[in-house]
Amino acid sequence: MQKRAEEKLIPLIQEVVATDFPCFGICYGLEIITKSLDTELTHDFQEKAGAIDLHMTENAKHDALLADLP
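Numbered per numbering that gives the first Met the number 0, the sequence shown spans residues 0 to 69.
Just so you know, these hints were derived from the structure itself, not from any lab. Possibly wrong hints are sitting among the right ones.
Simulated crosslink set (DSS-like; lysine-lysine; CA at most 25 Å straight-line) [to be verified]:
| hint | residue 1 | residue 2 |
| --- | --- | --- |
| 1 | K2 | K34 |
| 2 | K47 | K34 |
| 3 | K7 | K34 |
Okay, the calculated beta carbon distance ranges per label pair [stated by the list, open to error]:
| hint | residue 1 | residue 2 | range |
| --- | --- | --- | --- |
| 4 | Q1 | T56 | 19 to 29 Å |
| 5 | E6 | P69 | 34 to 44 Å |
| 6 | E6 | D67 | 14 to 24 Å |
| 7 | G49 | T18 | 29 to 39 Å |
All of these numbers come straight from a predicted model, not from anything done at the bench. Heads up, the beta-carbon is just placed ideally off N, CA and C, and yes, glycines get one too.
Make the full structure from the sequences, and use the hints.
Here is the structure:
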């Protein structure tokens, strides 16, 4: 099942990246993005799972992907 999904997702992600369209991957999404870009994730910098506080920088406020977030 995963192989079939990847056969469809990888070309789509490569097309999205080629058009410079903002995209964001979490968990499997990040894994498939890195696979699409022919690179790999490492587990060298593992962190504990859980909630974290995020603070928007001035640059992020003007980013197309983040602009509408509070």
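E6 versus D67 beta-carbon gap, inside 14 to 24 Å or not: Given range 14 to 24 Å: violated, Cβ gap about 33 Å.
- prompt: Does the Cβ distance between E6 and P69 fall inside 34 to 44 Å?
  reply: 38 Å, holds
- prompt: Is the straight-line distance between the alpha-carbon of K7 and that of K34 25 Å or less?
  reply: 13 Å, holds
query: Within 25 Å, alpha carbon to alpha carbon, are K2 and K34?
result: 12 Å, holds
query: Quick one: are G49 and T18 within 29 to 39 Å, going by C-beta?
result: 35 Å, holds
- request: State, for the Cβ atoms of Q1 and T56, whether the hinted interval 19 to 29 Å holds or is violated.
  value: For T56 against Q1, whose Cβ atoms are near 36 Å apart, the range 19 to 29 Å is violated.
Restraint status (C-alpha distance of K47 to K34 at most 25 Å): Satisfied, since the Cα-Cα distance of roughly 24 Å is no more than 25 Å.
Of the numbered hints listed earlier, those contradicted by the structure are 4, 6.
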